[in-house]
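Undergrad: Residues per chain, in single letters:
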Amino acid sequence: MVAKIIMIIYYLICLFFVFITARNLFREENSRDRVILYLITLVPFILRLLRFK
Amino acid sequence: MGQTMKASQKFKIISLTIFLAFVLWGGWPLLQHRNYQMEMVCGPGVTEVKKLSDFFPPLKGTAADTYVFILQGKEPGGKALIMANTHANEPEGLLAVSVMLENAVVEKGTLYLIPNFNRSASRNTRPGEGYPLYFSITTPWGKKIFRLGNRDASPLDQWPDPDVYIHYPEKQMLSYLDIRNTNRTWPGRRNGLPMEQVTFAAMELLRNNQVDLAIDLHGAETMFPVTNCIVAPEKSMRIATLASLTVKSMEGFENHLEGSPEKFRGLSHREIGDYSDTLPFLLEAPIPFLDQPTGPKTEKLLLDGKDEFLLSLARKNKLFVPYDEHGWPFDKRVGQHLSVSLEIIRQYSRKTPERAIVIKNVPRYREVVEKGVGSFFHNPAEAPSDRVIKF
Chain L
1 MVAKIIMIIY
11 YLICLFFVFI
21 TARNLFREEN
31 SRDRVILYLI
41 TLVPFILRLL
51 RFK
Chain D
54 MGQTMKASQK
64 FKIISLTIFL
74 AFVLWGGWPL
84 LQHRNYQMEM
94 VCGPGVTEVK
104 KLSDFFPPLK
114 GTAADTYVFI
124 LQGKEPGGKA
134 LIMANTHANE
144 PEGLLAVSVM
154 LENAVVEKGT
164 LYLIPNFNRS
174 ASRNTRPGEG
184 YPLYFSITTP
194 WGKKIFRLGN
204 RDASPLDQWP
214 DPDVYIHYPE
224 KQMLSYLDIR
234 NTNRTWPGRR
244 NGLPMEQVTF
254 AAMELLRNNQ
264 VDLAIDLHGA
274 ETMFPVTNCI
284 VAPEKSMRIA
294 TLASLTVKSM
304 EGFENHLEGS
314 PEKFRGLSHR
324 EIGDYSDTLP
334 FLLEAPIPFL
344 DQPTGPKTEK
354 LLLDGKDEFL
364 LSLARKNKLF
374 VPYDEHGWPF
384 DKRVGQHLSV
394 SLEIIRQYSR
404 KTPERAIVIK
414 NVPRYREVVE
424 KGVGSFFHNP
434 AEAPSDRVIK
444 F
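Protein sequences appear in the order of chains L and D. Quick note on numbering: the first sequence equals residues 1 to 53 in this note's numbering. Quick note on numbering: the second sequence equals residues 54 to 444 in this note's numbering.
Derived by calculation from the structure, the hints in this document are not laboratory data. Hints may be right or wrong, so weigh each one.
What the hints assert, rightly or not - Here are the simulated lysine to any residue pairs, SDA-like style, with alpha carbons at most 20 angstroms apart: (1) D:LYS316 with L:ILE8; (2) L:LYS4 with D:GLY181; (3) D:LYS59 with L:LYS53; (4) L:LYS4 with D:LYS59; (5) L:LYS4 with D:LYS63; (6) L:LYS53 with D:GLY245; (7) L:LYS53 with D:PRO110; (8) D:LYS63 with L:LYS53; (9) L:LYS4 with D:TRP78; (10) D:LYS63 with L:ILE9; (11) D:LYS63 with L:GLU29.
What the hints assert, rightly or not - Derived list of chain D stretches under chain L, where covered just means 3 residues or more per stretch with a C-beta under 8 angstroms from a C-beta of chain L: (12) 305-314; (13) 320-326.
Said to hold, decoys possible - A short, non-exhaustive set of chain D residues, derived as facing chain L with CB atoms under 8 angstroms: (14) GLY80; (15) LEU83; (16) LEU84; (17) VAL217; (18) TYR221; (19) LEU246; (20) PRO433.
Given the structure is predicted, the values throughout are model-derived calculations rather than measurements. We put the beta carbon where it would ideally sit given N, CA and C, even for glycine.
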């Protein structure tokens with residue numbers, strides 16, 4: 001049960017990182033490098049949230 | 054300024070689209086692999102199909118629950134459990150157990166078969182090392198496709214990993230990854246993480262049913278000393294020795310003995326023996342696909358075990374098994390597992406006739422090598438639907 005709660009918390013952490021990275025992505029106006037960096041950063045979080053990998 | 058913003062928005066939309074396309078392109082096959090169903094035809098000897106959760110109910114409905122096939126003989130006798138895919142990237146065990154469940158008939162005693170012990174690992178993969186997601190075996194009726202899994206359970210089913218895995222109940226510190234390795238979580242824990250519960254469920258099966266023998270089928274690198282062997286603790290060593298000597302003299306292949314180390318915890322060959330009355334054995338067949346210094350990890354390498362780099366190393370005596378241009382084909386590895394498993398059961402039956410287990414219709418090494426493992430599989434399309442199990 002404790003392990004399940006920890007797992008859920010980790011998914012919530014994942015969701016949080018997706019949220020702040022996506023927010024930074026949409027707010028970024030000047031640096032194309034940062035846009036790419038944000039997108040690459042999102043890959044593992046998106047794959048985990050979609051339960052692909 | 055407005056034009057700059059427009060260009061920036063355009064760049065973001067294009068990048069995001071490309072990004073999503075890449076995520077789907079890379080991720081979708083993984084999702085399909087995770088949900089791909091392998092098919093097995095229950096042979097005439099299968100009398101009951103259960104799940105591990107029938108022996109330990111908390112597993113019910115979880116990704117860790119897996120099938121247990123029971124082949125009950127007409128005469129009472131001893132009991133044996135044979136399990137495969139403890140490590141789902143060592144699939145010769147899966148094929149050996151599948152051949153048994155599609156063909157074996159038990160005349161005396163009971164045989165428990167678990168073809169996909171770490172089900173979660175069989176739905177995981179190792180894309181970083183370029184593992185193929187599937188492999189196929191040629192049969193008289195077409196190709197039979199299997200999922201190729203990974204050594205450890207999927208993080209989708211058990212996550213996060215601890216910094217250090219502390220084994221229960223021996224408290225030995227092990228690699229964090231081994232918390233998802235069902236050959237490090239024996240004897241398991243009732244209220245532990247899913248993989249600890251899988252091994253606990255198997256222990257419940259062994260203890261509550263007074264199972265005499267447990268055989269865990271694996272594959273190991275040719276450059277690893279514990280390969281092409283039977284690993285057994287002290288209590289199983291006599292039977293293992295007789296089996297090893299018999300297959301060498303009667304069937305002509307080497308399968309040496311390795312003692313189960315007392316101070317390395319969590320392994321089936323150690324904990325099953327220490328925490329139950331069952332005699333455990335772990336069989337290792339050489340699998341060149343797992344070696345590090347090979348060419349690409351292709352399906353062909355998995356099937357035929359031929360690799361020019363390993364051949365070069367063999368000429369320099371760097372391998373622990375004989376290796377030539379014929380490689381280590383699947384048929385040979387599966388054949389060895391079948392012969393050694395049958396021989397362990399036969400030797401035990403000779404030693405304790407009141408607990409004998411008599412199994413018929415399972416091919417041995419030579420027959421598998423001659424005919425090919427695919428010739429022992431039945432076409433699910435032609436079998437009655439209630440005898441076809443998907444997992």
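Undergrad: Which of the numbered hints above does this structure break?
TA: Hints 1, 2, 3, 4, 5, 6, 7, 8, 9, 10, 12, 13, 17, 18 and 20 are the ones this structure does not satisfy, whereas the remaining hints hold.
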